[in-house]
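Visitor: Add 339 to the 1-based position in the sequence shown for the numbering used here, that's all there is to it.
In case anyone wonders, no lab produced these hints; they're calculated from the structure.
Hints are all accurate, no fakes.
Straight line, CA to CA, 20 Å or less: simulated EDC-like cross-link-like pairs of lysine to aspartate or glutamate: (1) K451 with E410; (2) K451 with D412; (3) K485 with D431.
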Amino acid sequence: MLSRDYRDIITGGSLFAMGLFVAIYSLSHYPLGKMTRMGPGMFPTGLGLLLAGFGAVIAISALWRGGTWPEVDVRAAVAVIASVASFAIFIDRIGMVPTVAIMSALAVAGDKNGTVKRAASLAIGLNLLAVPIFIYGLDLPIALAKWSF
340 MLSRDYRDII
350 TGGSLFAMGL
360 FVAIYSLSHY
370 PLGKMTRMGP
380 GMFPTGLGLL
390 LAGFGAVIAI
400 SALWRGGTWP
410 EVDVRAAVAV
420 IASVASFAIF
430 IDRIGMVPTV
440 AIMSALAVAG
450 DKNGTVKRAA
460 SLAIGLNLLA
470 VPIFIYGLDL
480 PIALAKWSF
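Please model the entire structure based on the sequences and the hints provided.
Guide: Right under this line is the structure:
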């Protein structure tokens with residue numbers, strides 16, 4: 340049996356499906372317009388079709404390339420999902436700095452070599468980047484820290 344690059348087949352198929360969904364959704368919900376007077380659906384439709392095209396090229400080319408079945412690290416996947424979910428849960432309740440610290444701790448927990456020192460350094464580094472960019476630069480209405488429980 341021919342060995343295939345399943346990782347690229349899965350990735351390309353996912354990109355194709357997502358791009359096709361975006362193109363179909365934008366075509367059915369927004370007017371396309373004309374090339375001389377583009378409507379609000381022109382740009383997302385074009386990007387969706389472009390994404391679907393790249394996904395098809397990746398998936399089809401992987402059919403003739405050898406590869407192995409990808410290993411899925413469940414611990415890392417759960418940690419990343421929990422980290423993103425914690426942002427949605429805590430950002431309005433406790434503010435930017437503690438939320439980023441919680442996200443960092445959860446993300447590092449997904450790494451088999453993760454330590455408290457790595458989580459702390461990640462939290463400090465991300466806060467040093469996120470606070471100036473999002474709170475001061477973009478002037479988003481997010482508190483630095485608050486207690487609202």
